[in-house]
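Protein chains in written order, with my numbering: chain A, 3 to 255; chain B, 209 to 617.
Rather than coming from a laboratory, the hints here were simulated on the basis of the structure.
Please read all numbers here as calculations on a predicted model, not as lab measurements.
Do not take every clue at face value.
[Claimed, not checked] Capping the alpha-carbon separation at 20 angstroms, the derived lysine to aspartate or glutamate pairs in EDC-like fashion look like this:
hint, chain 1, residue 1, chain 2, residue 2
1, B, Lys221, A, Asp253
2, B, Lys390, B, Glu343
3, A, Lys169, A, Asp80
4, B, Lys331, A, Asp8
5, B, Lys249, A, Asp253
6, B, Lys249, B, Glu290
7, B, Lys214, B, Glu429
8, B, Lys504, B, Glu429
9, B, Lys243, A, Asp253
10, B, Lys221, B, Glu429
11, B, Lys351, B, Glu290
12, B, Lys509, B, Glu478
13, B, Lys280, A, Asp253
14, B, Lys573, B, Asp542
15, B, Lys573, B, Asp524
16, B, Lys509, B, Glu488
17, B, Lys326, A, Asp8
18, B, Lys390, B, Glu378
19, B, Lys417, B, Glu393
20, B, Lys280, B, Glu378
21, B, Lys577, B, Glu429
22, B, Lys390, B, Asp335
23, B, Lys280, A, Glu248
24, B, Lys221, A, Glu248
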Amino acid sequence: MNHYFDLLFAWSTRIIRARYQQSILGGLWAILQPLATVLIFTLVFSFLIKVDTGNIPYIVFSYSAMVPWLFFSSAITDMVDSIVSNMNLVSKIYFPREILVFSALIARFVDFLIAFAILILLIILYRLPVNLLTWLFLPVVLICQILLALGIGLFASALNAFFRDIKHVFTLIMQLWLYATPIIYPVTLVPENLRNLYYFNPMVGIIEGYRAILLHEALPGNSFIFSIVISLLVFAGGYSFFKKVEVQFADII
Amino acid sequence: MMYSIKLTDVSKKYRIGKSSLNLRSIFRRKNIATKFHWAVKNINFGLQAGESMGIIGPNGAGKTTILKLLSKVTFPTSGQIEMNGRFSALIELGAGFHPELSGRENVFLNGTILGMRKAEIQKRFDDIVQFAGIEKFIDTPVKRYSSGMYARLGFSVAAHVDPQILLVDEVLAVGDMAFQKKCYERMQQLIQNGTTLIFVSHNMRAIQKVCERSMVLYRGEIAFEGSSADATAEYSNILRKAAADFQDVSSEDISEGIGQQIMTHEAVIEKIEILKQNNEATNTFPSGENAIVRAKINFYKDAPAPVIACSIRHPDGQVVYDFTTEWAGIQTPDFSAFTSAIIDFPLQLNLSAGSYQLGVNLAYKDLSKYYDRIDRGLDFVVVSSSGARGFADLHAGFSVSKITENKTN
Numbered sequence: 003m004n005h006y007f008d009l010l011f012a013w014s015t016r017i018i019r020a021r022y023q024q025s026i027l028g029g030l031w032a033i034l035q036p037l038a039t040v041l042i043f044t045l046v047f048s049f050l051i052k053v054d055t056g057n058i059p060y061i062v063f064s065y066s067a068m069v070p071w072l073f074f075s076s077a078i079t080d081m082v083d084s085i086v087s088n089m090n091l092v093s094k095i096y097f098p099r100e101i102l103v104f105s106a107l108i109a110r111f112v113d114f115l116i117a118f119a120i121l122i123l124l125i126i127l128y129r130l131p132v133n134l135l136t137w138l139f140l141p142v143v144l145i146c147q148i149l150l151a152l153g154i155g156l157f158a159s160a161l162n163a164f165f166r167d168i169k170h171v172f173t174l175i176m177q178l179w180l181y182a183t184p185i186i187y188p189v190t191l192v193p194e195n196l197r198n199l200y201y202f203n204p205m206v207g208i209i210e211g212y213r214a215i216l217l218h219e220a221l222p223g224n225s226f227i228f229s230i231v232i233s234l235l236v237f238a239g240g241y242s243f244f245k246k247v248e249v250q251f252a253d254i255i
Numbered sequence: 209m210m211y212s213i214k215l216t217d218v219s220k221k222y223r224i225g226k227s228s229l230n231l232r233s234i235f236r237r238k239n240i241a242t243k244f245h246w247a248v249k250n251i252n253f254g255l256q257a258g259e260s261m262g263i264i265g266p267n268g269a270g271k272t273t274i275l276k277l278l279s280k281v282t283f284p285t286s287g288q289i290e291m292n293g294r295f296s297a298l299i300e301l302g303a304g305f306h307p308e309l310s311g312r313e314n315v316f317l318n319g320t321i322l323g324m325r326k327a328e329i330q331k332r333f334d335d336i337v338q339f340a341g342i343e344k345f346i347d348t349p350v351k352r353y354s355s356g357m358y359a360r361l362g363f364s365v366a367a368h369v370d371p372q373i374l375l376v377d378e379v380l381a382v383g384d385m386a387f388q389k390k391c392y393e394r395m396q397q398l399i400q401n402g403t404t405l406i407f408v409s410h411n412m413r414a415i416q417k418v419c420e421r422s423m424v425l426y427r428g429e430i431a432f433e434g435s436s437a438d439a440t441a442e443y444s445n446i447l448r449k450a451a452a453d454f455q456d457v458s459s460e461d462i463s464e465g466i467g468q469q470i471m472t473h474e475a476v477i478e479k480i481e482i483l484k485q486n487n488e489a490t491n492t493f494p495s496g497e498n499a500i501v502r503a504k505i506n507f508y509k510d511a512p513a514p515v516i517a518c519s520i521r522h523p524d525g526q527v528v529y530d531f532t533t534e535w536a537g538i539q540t541p542d543f544s545a546f547t548s549a550i551i552d553f554p555l556q557l558n559l560s561a562g563s564y565q566l567g568v569n570l571a572y573k574d575l576s577k578y579y580d581r582i583d584r585g586l587d588f589v590v591v592s593s594s595g596a597r598g599f600a601d602l603h604a605g606f607s608v609s610k611i612t613e614n615k616t617n
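In isolation and in its complexed conformation, chain A is listed as follows:
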């Protein structure tokens, strides 16, 4: 089993290389994409419509959430397609199929790390107070987010092998999900009576967790515990579904 780690690494590298092979800016796109998105929202929400983000500048406020969000949504989009787009492999060579899904996420994780470095730069630039002790909790939030993404990715990529519609469904879901999560606006903007329903979205706890650690020198709140439970359930469900139907991939595609 151990030797498949080499494949996981080689396949992730392949995706990254192929992605930036013939582009001039290469890995810089990993920074430009979240930055451009945030700049647009900054224009809208700090000049046209004022959004109250407390003592945190809007650009840092939204970038700190946009970086993990884009990792989440782009990884899911790539994972959904990962089995179908590698059909020539799946129908010809045996290897654990989940490697394709995991690699799609790992390749986006590299983008995430690059974009995160810029986030640290912004925090320093705006002289926000930093508590390195709370930063130790950051990997927990990250792992929780990865488990949630993998669970969805495994489930959706398997389903996409049977129904190609799933890919398009997920493009739509990810767009809606962005607005159902406090990324470009604070939770305080959500009406009190809808708050409970709102927290059913596991990404709320995760994004709030990132903000608490990065911008408020605090640990994630109660909503994050709910997110952990949901993420573990989603991962277990997605993985077992994937393993159950993977034997049919080569026949169906």
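Starting from the structure of chain A, add chain B where the hints point.
Frame of chain A, contents of chain B only:
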């Protein structure tokens, strides 16, 4: 007894018809076509370490399905497959190659897909590249490779995994003769070192060279199993049966790869035969023999002066010979509806040894459409003792006359 590979009553069923589902058909609750096709049926065989088995059979016989089952790409509908040892499969050329990456990167990528550790690949890297003979192009993206280079690198990686079981599909046909020879030698060497080999090929000579035992598959079942020499002989009988069965093949079966017919059906080629001079049906001819290609045609509508053609193809798709009445300047008669005719093409089989596919087609006078077209009506075998290669056998002779020049000037 410990088997390296053991198959017990293995069957595999595929659904035919719509290949992929979509949500619309579910919402509509439309009945999804549930027609099934048995790709392989009740396959039983066992191989011990160091044994080899050739698999031959006409297209659509289930050869590739067996390899896919063995390599765990797909799973049997019923029956058991037992495999002991690390296996490597070469089912399609460079299936794990990525066109944008260099040959070097692809060796590592493909090697890890086949289950090697990175360090193992590193150790064998030079051997792999040297065997493929592409040292000069190893840092070029493989999208610039020729299909022959692709094949060479693909085989080279698969053959250096140190597999205990090696599965090779008909993929070497693209390589040149010298490389093919090298591959066969490598396979023989691996067998001697205890590797179990399964080799699918249309190349009878290669099968006989590499494998001691062979099986002939026909329509998903083992039609014959025995020594490779016997299997090769039996194969021509099976092909004959296949040609006979082919005449009543329904249009649904065409998609399964049995044949190719584009036609209006206003006239139908009912039967294709190849006969000896004395009208005896056979399918093995010595090279240079006179033969008669005979087709029986039923006309269902008037067919004014149709163009009638006969073609001979090599199993790898090359047209070896194509004869039409149009090109030959022959005026064919008019045929009227509801009549039949026997068409004879007497010809001399100046072909080198090998198996060939015989086709006959019937086209409109203006060549706008076919009445009927069969590219592979039957297969026949040409035998020759001259050992000459290529498609044509020009029956070369040889003589020497030494010239003794007087060098005393």
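Going down the list of hints, with the structure as the test:
The straight-line distance between the Cα atoms of Lys221/B and Asp253/A is roughly 10 angstroms, inside the 20 angstroms bound, and the hint therefore holds. A hinted pair counts as satisfied when its Cα atoms are at most 20 angstroms apart, and Lys390/B with Glu343/B qualifies at roughly 17 angstroms. Our distance criterion of 20 angstroms between C-alpha atoms is met by Lys169/A and Asp80/A, whose separation comes to about 9 angstroms. Distance restraint check for Lys331/B and Asp8/A: the Cα-Cα separation of roughly 15 angstroms lies within the 20 angstroms cut-off, and the hinted pair is therefore satisfied.
For a cut-off of 20 angstroms, the pair hint linking Lys249/B to Asp253/A stands: about 17 angstroms separates their Cα positions. With a C-alpha separation of about 17 angstroms, the suggested pairing of Lys249/B with Glu290/B holds against the 20 angstroms cut-off. A hinted pair counts as satisfied when its Cα atoms are at most 20 angstroms apart, and Lys214/B with Glu429/B qualifies at roughly 16 angstroms. The hinted pair formed by Lys504/B and Glu429/B fails the criterion: a straight-line CA distance of about 31 angstroms is larger than 20 angstroms.
Between the alpha carbons of Lys243/B and Asp253/A the distance comes to roughly 14 angstroms, so the proposed pair stays at or under 20 angstroms and holds. A C-alpha spacing of about 13 angstroms is found between Lys221/B and Glu429/B, which places the hinted pair at or below 20 angstroms, so the restraint holds. For the hint linking Lys351/B to Glu290/B, the alpha-carbon distance of about 37 angstroms lies beyond 20 angstroms, and the restraint is violated. Only pairs whose Cα atoms come within 20 angstroms are accepted, and Lys509/B paired with Glu478/B is accepted, the gap being roughly 15 angstroms.
About 12 angstroms separates the Cα atoms of Lys280/B and Asp253/A, which keeps this hinted pair within 20 angstroms; it holds. Taking the CA atoms of Lys573/B and Asp542/B, the gap is near 10 angstroms; set against the 20 angstroms cutoff, the hint holds. This hinted pair does not check out: Lys573/B and Asp524/B have alpha carbons roughly 30 angstroms apart, beyond 20 angstroms. About 32 angstroms separates the Cα atoms of Lys509/B and Glu488/B, which puts this hinted pair outside 20 angstroms; it is violated.
For the suggested pair Lys326/B and Asp8/A, the alpha carbons sit about 6 angstroms apart, so the restraint of at most 20 angstroms is met. Pair hint Lys390/B plus Glu378/B holds up; C-alpha atoms about 15 angstroms apart against a cutoff of 20 angstroms. Pair hint Lys417/B plus Glu393/B holds up; C-alpha atoms about 9 angstroms apart against a cutoff of 20 angstroms. Restraint check: the Cα-Cα separation between Lys280/B and Glu378/B comes to about 18 angstroms, which is no more than 20 angstroms; the hinted pair holds.
At most 20 angstroms may separate the alpha-carbon atoms for a hinted pair to count; Lys577/B and Glu429/B exceed this at roughly 37 angstroms. Simply put, Lys390/B and Asp335/B have alpha-carbon atoms about 14 angstroms apart, close enough for the 20 angstroms limit, and the pair holds. Note on Lys280/B and Glu248/A: the hinted pairing holds, with a Cα-Cα distance of about 11 angstroms set against a maximum of 20 angstroms. At most 20 angstroms may separate the alpha-carbon atoms for a hinted pair to count; Lys221/B and Glu248/A meet this at roughly 17 angstroms.
The earlier numbered hints that this structure contradicts are 8, 11, 15, 16, 21.
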